[in-house]
Each structure stands twice: as structure tokens, then as C-alpha cells.
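Following the hints, position chain C against chain W.
Okay, here's what each chain looks like letter by letter:
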Amino acid sequence: AQSVTQPDIHITVSEGASLELRCNYSYGATPYLFWYVQSPGQGLQLLLKYFSGDTLVQGIKGFEAEFKRSQSSFNLRKPSVHWSDAAEYFCAVGAREYGNKLVFGAGTILRVKS
Amino acid sequence: GAVVSQHPSRVICKSGTSVKIECRSLDFQATTMFWYRQFPKQSLMLMATSNEGSKATYEQGVEKDKFLINHASLTLSTLTVTSAHPEDSSFYICSARGPSGTSPLHFGNGTRLTVT
Numbered sequence: 180a181q182s183v184t185q186p187d188i189h190i191t192v193s194e195g196a197s198l199e200l201r202c203n204y205s206y207g208a209t210p211y212l213f214w215y216v217q218s219p220g221q222g223l224q225l226l227l228k229y230f231s232g233d234t235l236v237q238g239i240k241g242f243e244a245e246f247k248r249s250q251s252s253f254n255l256r257k258p259s260v261h262w263s264d265a266a267e268y269f270c271a272v273g274a275r276e277y278g279n280k281l282v283f284g285a286g287t288i289l290r291v292k293s
Numbered sequence: 005g006a007v008v009s010q011h012p013s014r015v016i017c018k019s020g021t022s023v024k025i026e027c028r029s030l031d032f033q034a035t036t037m038f039w040y041r042q043f044p045k046q047s048l049m050l051m052a053t054s055n056e057g058s059k060a061t062y063e064q065g066v067e068k069d070k071f072l073i074n075h076a077s078l079t080l081s082t083l084t085v086t087s088a089h090p091e092d093s094s095f096y097i098c099s100a101r102g103p104s105g106t107s108p109l110h111f112g113n114g115t116r117l118t119v120t
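Heads up: the sequence lines are chains W and C, in that order. According to the working numbering, the stretch in the first sequence is residues 180 to 293, in order. According to the working numbering, the stretch in the second sequence is residues 5 to 120, in order.
One chain only, chain W, in its complex shape (with noise of 0.2 Å):
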């Protein structure tokens, strides 16, 4: 069965510090790969998303993340962190053989300190 596991259900990072919120997939096609990030109350934002090619991804608000299919991870990391990227991450798998359904992770809540 599909699912995608994200360890960390809370991390505290220091402003300015560096990021790292980890992604694991289990599934058996190949993926699609997103991450997604969400204000309390809101809907949810795309951050970056990988299909193909160049495995290092940029996206929105200067994060990046790195495919791995040795390790089935999709990490998400900044950085420098900013008090305004204090939300909820998820990450999300589809594949095209599963009809292009997407399957979230629990979710990890970024806590900015300053």
C-alpha cells in the first residue's frame, strides 16, 4: 500500500538557522513528489513538487528538496530559516498508475524561535 511517513511531528528551529523536515515514501510506482505548506486555518500552498529529471527541486520561499529513490525520501530543507515559514509542512506522494491520487503525510509543524 501507499503511504509516506513524515517522522517529526513538531521541530523548533532558531531564526536564521538551517531547515531540514523529512520525507519518506513507500510505493510501488514511480512517484510524483510534493510538498506542501499550511497557515492555521488555511488551505495549503505548494512549496515544490518533482516528476522527473534533476533530482535537486527549487521552489517557493527558498526551499529545496532532494529526491532520493535509494532512500524513498523526499527532504524538504532551507537555509535560513524565517519566523514567517512557521506553519504546518506535508508532504505528498501520487503516481499516474494510481490515478494521480495524492497521499499526505501526518504533517510537521514548524516552530520558528526567535
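In case anyone wonders, no lab produced these hints; they're calculated from the structure. No experiment lies behind these values; they were computed from the predicted model shown. Note that beta-carbon positions come from the ideal geometry of N, C-alpha and C, so glycine has one too.
So the derived label-pair ranges between C-beta atoms look like this: (1) 193(W) with 33(C): 39 to 47 Å; (2) 249(W) with 84(C): 44 to 52 Å; (3) 14(C) with 277(W): 29 to 37 Å; (4) 76(C) with 277(W): 22 to 30 Å; (5) 89(C) with 234(W): 45 to 53 Å.
To give a feel for the contact side, a few chain C residues facing chain W, derived at Cβ under 8 Å: (6) 48; (7) 50; (8) 109; (9) 111; (10) 113; (11) 114.
Same frame as chain W, but now just chain C:
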């Protein structure tokens, strides 16, 4: 581009009444839209896939008669929660796929439903 508008953002209704939530793709045509439900501090759970001009496909465990989905045009899908109960209180989010089959999902801002 690729904006999805969801309305209303918040709704409070009494038990037994029905509530309609609209999801519109503003600048693209969406043959497929998805409806998700998010419980507090949990991830998104897909409820159903809405296909323009045909019946929605519901995920296992989702009551078709309770959550009515209509996708009458390429830019509008509606979710009607019928005979709402307090346990239906939740955050409902719609999404629409962009123009190509592999486009990412674009999400509405969600609807907070509270059933009293």
C-alpha cells in the same frame, strides 16, 4: 495562475440541516477535483474524486448519500453535507488538478464546518 477558490470559508449550521461548499478553479479548467477532510492536528484524508460530467468516486468509508458531490462544469464542484451532525464538524478542503495530467494539485483555502 492556477487559483482555486473555495466558499464559504466558515459555516455554522444546526444538526439536521444541509450545507453546500463550492470549489471553483478561477483561471483554468479542471476536469478533476478532489475533496479532502482534515481533522484537528491530522493530515488530509481524501474523501472523493469529482469528475466533470460524471459521478464522483468515493473513497472507502465515505458515505455517498451524506457527502453529495456535483461537478457540473469544468470550473465548479460542490460538496453538500446532508443532514449534518456534530461529528461532521471538520475542515474541508478542495483541490483541482492543473491543466495537464501531471500538474500538481492547487488547493482552496478550506471551509471550517461547525455543526451545533
